[in-house]
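So the sequences go chain by chain: C and G. Using the UniProt record's numbering, you'd call the opening residue of the first sequence number 1 and step up by one each time. Using the UniProt record's numbering, you'd call the opening residue of the second sequence number 1 and step up by one each time.
Bear in mind the hints are in silico, worked out from the structure with no lab data behind them. Careful, some of the hints might be misleading.
Identical copies carry no separate label here, and so any pair may be met within one copy or between two of them.
As the list claims (entries may be wrong) - When the alpha-carbon atoms are kept at most 20 Å apart in a straight line, the in silico EDC-like pairs for lysine to aspartate or glutamate are as follows: (1) K279 <-> E52; (2) K279 <-> D58; (3) K277 <-> E52; (4) K277 <-> D58; (5) K277 <-> E84; (6) K331 <-> E319; (7) K237 <-> D350; (8) K423 <-> E325; (9) K207 <-> E325; (10) K145 <-> E240; (11) K209 <-> E319.
Protein chains: 2
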Amino acid sequence: MFSINAIANHLSGLQIPQPLLATAESENAPIILSGVLLTFVIIYLSSKVGSEIARRLDLPPVLGELVAGVIVGVSALRLVIFPEGGFTASDSVVMSLLQMLNQLSPEAVNSVFAQQSEVISVIAELGVIVLLFEIGLESDIRQLKEVGIQAFVVAFIGVTAPFAAGTIGLMYFFHVAAIPAIFAGAALTATSIGITSKVLAEIGQLKSKEGQIIVGAAVIDDVLGIIVLAVVASLAKTGEVDITNVAILLVSAIAFLFGSILLGGFFNKSFVALVSKLKTRGNIVIPAFIFAYAMAFIGNAIHLEAILGAFAAGLVLDETDARNELDELIKPVADLLVPVFFVTVGARADLSVLNPMIPENRSGLLIAVFLLAVAIIGKVITGWVVFGIPNINRLAIGIGMVPRGEVGLVFAGIGTASGAIDKPLEVAIIIMVILTTFLAPPFLRIAFGKTEEPPANAELA
Amino acid sequence: MFSINAIANHLSGLQIPQPLLATAESENAPIILSGVLLTFVIIYLSSKVGSEIARRLDLPPVLGELVAGVIVGVSALRLVIFPEGGFTASDSVVMSLLQMLNQLSPEAVNSVFAQQSEVISVIAELGVIVLLFEIGLESDIRQLKEVGIQAFVVAFIGVTAPFAAGTIGLMYFFHVAAIPAIFAGAALTATSIGITSKVLAEIGQLKSKEGQIIVGAAVIDDVLGIIVLAVVASLAKTGEVDITNVAILLVSAIAFLFGSILLGGFFNKSFVALVSKLKTRGNIVIPAFIFAYAMAFIGNAIHLEAILGAFAAGLVLDETDARNELDELIKPVADLLVPVFFVTVGARADLSVLNPMIPENRSGLLIAVFLLAVAIIGKVITGWVVFGIPNINRLAIGIGMVPRGEVGLVFAGIGTASGAIDKPLEVAIIIMVILTTFLAPPFLRIAFGKTEEPPANAELA
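The following block holds chain C by itself, in its conformation from the complex (with noise of 0.2 Å):
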């Protein structure tokens, strides 16, 4: 009927059109989601070792998870990376694999690269948004408003104290500048919600009043470093603080997180009569997780942050008969989503900047060290401040506001990018995040003492 030579006479006058970006990314497509599935085998495997030898250890899984995450990332195996760092699809081993079986060139394999590093940060930012909404379920506001005056004044201490005393020491002793001084005393300020409230919830303390000032004090300190970035960065790109702005941003977090927990009155009995009347899958999951991302959106759109409006969801929810069963369903879906945050975290975190045989790291070491006794100090410090609250553990509340995460490298960044801190400012900064995340963990489980082994499927444990 046909010839192979009419195909290839009538191929031969084809226009074969040189294919657009768009084109090229469809063609991408199923190298991308090759690179993504990869990227998730090694997640949850180094994971699931990782928090099963910490296990075993008699140390928090999370602290195996971002072990685990370093072991794989750029410090390592460099099995998972992030082209952040500088760094390029050649770098990557699953980049070279995938570039291997697909005989891609040096420009598609960097844009796919791109595009996989970009699918995975989305989804451990998902991740941290899911632990967080998890969180807000397993919190009681009741038992949050109680602690609310306590939990504000660990904030605020425990924001003021190492911002103060790590921006003048970084300039008396170390005679840095002022603005660099006053990155650096910032970056100390925000502990990191993520894993503080993961340890507590794998020890089991999350519901006990020291579990529920930390997290309480951790959101209040995590929207306060939000308004003294927007402070130090009107600083340092007009030299005036932009009163207005930060304003807006103060009314805006205090308007979001009370309106959104008295809105949540209204909320709770809707939202049982609206699952009631669904009648296909996802009948409860759904709704709720609508619920979590909208206002993870709202957070995120008024320049507060995602997490805090997926707690404040996760606080609302709790207040709802469909608690428990949302509860056993957003367990899986956590299991799956925040290990990916964890490892991440780990994955990214650059330990060279701990070698001493690097001449630059030298001079950053010595004010590594001053920034670390800053940040331990300047929080463990907040426990005592605890007022009106008989045999509370002071130390195991100082300990728990410990862990930097996120936030401090934030600023670092913003840091580094707008040119107002150096190279040696900018590793003792991620010397000091990476020490106080992985040294608070095991020591907040020593301030709580040796708690019961909960079994495997145990409540967040």
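With chain C's structure known, arrange chain G on it following the hints.
Okay, now just chain G, sitting in the frame of chain C:
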């Protein structure tokens, strides 16, 4: 200690470096996250509204999700659109909102649009991977083996009949040249496993003999479709069929499916033994997803499909003692991921190709009527080639094979990109895919007869 002036002086001397691409990307990270969160809210809201309405009209819920996708997608509200259709950020309501909220430059918003679209696309792919994993878990390997021969015959006829009839018909009745006719014929071959198996699950027929024949045949014709694609693509590129390449594909497909099932025998016991030793959260779900994603990766890497790997993984794990627990754990994960797939399938379907007011659609519409007839008849007849099983619902099997999906659109896409097919033929293929996809679910339900209403949380309902 330091004055604003000192800071301003300090800053005036700063060299603010041109931000690197990586830095620009990480600066946009919260905005990409915002886009993803908002898109999720839109997808979940529309999918739930759509599936609930479909349920009340006694139609399969997945049809409601597809239609919901059409409404929020490129054909109507344009809340969920993708750059592949030649769209830019200014076409997207979500992106326009984000641009306004964050005062983004047109370049920045286009970059955010491209990246958030990529993230949603990959998550949709993960959705259909998880769906096929779940379908594999629900399928019974012994029953599939029992109907294996029948499934193969159904698949073989269901591929060859529409391919031959479509190609020859286009050449004789419509005077289409050989290569485009072959492309269009090839686009008629592969059944959409995702849509057909979801409908089967929804009407409680997945485990029936008919259901297992349909799923088995859909898996086999997917493999056959990929081989046809390899043949057609190499014909179009070089005018010759690369026999080695096709043979490798065929052998690796067979080796993969049978190998994974044989390997499953070993894996059964070690999986349960492993799971019982794990003591941290996610002890079942993480190993299961490591297996599913690894198999999906291998399926993708050997140029088959990721969903085939996930299906095989599900089949294997269905044999383990952990299956009942796993069934429960995978449900909320599937509930959150699968709708992303179906809504984006609907959102990408550009119904404007159905509009006869657009002149360039008219010749396409005539061809589309022909292709649609061949697509339906060529698959419906397959029910009557089933032998050796008395009292089987032949019409249901035939209709179950009707929905085309991804693979058909991939053919149209590759054909158009390579210049092998022209606009009217592309339009006709897209119409055929859309109509078979949307018509099959209600007719499949009718063919099986009215079944009892399963409760909201029934198995896969």
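Inset, instruction - If any of the earlier hints don't hold here, list their numbers in rising order. - result: 5, 7, 8, 10
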